[in-house]
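With the sequences and hints as input, model every part of the structure.
Heads up: the sequence shown runs through residues 1 to 114, numbered per the numbering used here.
Everything labelled a hint here was simulated from the structure, so no lab data went into it. In this text, a Cβ means the ideal position worked out from N, Cα and C, and glycines have one as well. It is possible that some hints are incorrect.
[To be verified] Within a straight-line C-alpha distance of at most 27 angstroms, the following computed DSSO-like cross-link-like pairs (lysine-lysine) qualify:
| no. | residue 1 | residue 2 |
| --- | --- | --- |
| 1 | K23 | K49 |
| 2 | K113 | K91 |
| 3 | K113 | K29 |
[Unchecked claim] Derived DEER-like restraints, expressed as beta-carbon distance ranges:
| no. | residue 1 | residue 2 | range |
| --- | --- | --- | --- |
| 4 | D83 | K23 | 31 to 39 angstroms |
| 5 | G56 | E86 | 36 to 44 angstroms |
| 6 | V14 | K49 | 29 to 37 angstroms |
| 7 | K23 | S51 | 33 to 41 angstroms |
| 8 | G60 | K93 | 30 to 38 angstroms |
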Amino acid sequence: MGKNSIDELMSAVVEFRDERNWKQFHNAKDLAISISLEASELLENFQWKSSEEALGDNLGNIKEEIADVIIYSMLLANDLNLDIEEVVKEKIKKNIRKYPVEKAFGVKTKYTKL
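This is the structure we're talking about:
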């Protein structure tokens, strides 16, 4: 079976890390912290602006911060031996049960109040 694009991307991310000998710094706790920090940097692009203003002013930086969140998430998943495709599909199945179309269509209500 050939590699899929997620596997290829994971290989590229891990190769980048390993070429620099950074795995020694990438324990689960620090990777989780890094995900949160990068997500905060993503949010900073939207602070005090409408979505339209933020995207108009900061799209390049927003793309970089999204990439950072994804990269750290991939490294954490890799270190925990998690299959990204599998965990995402499992979460989608769970969300389908929590948010059935007939109750959730077109509403932003949390599943606990549907």
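| field | Hints the structure fails to honour | value | Hints 1, 3, 4 contradicted; others consistent.
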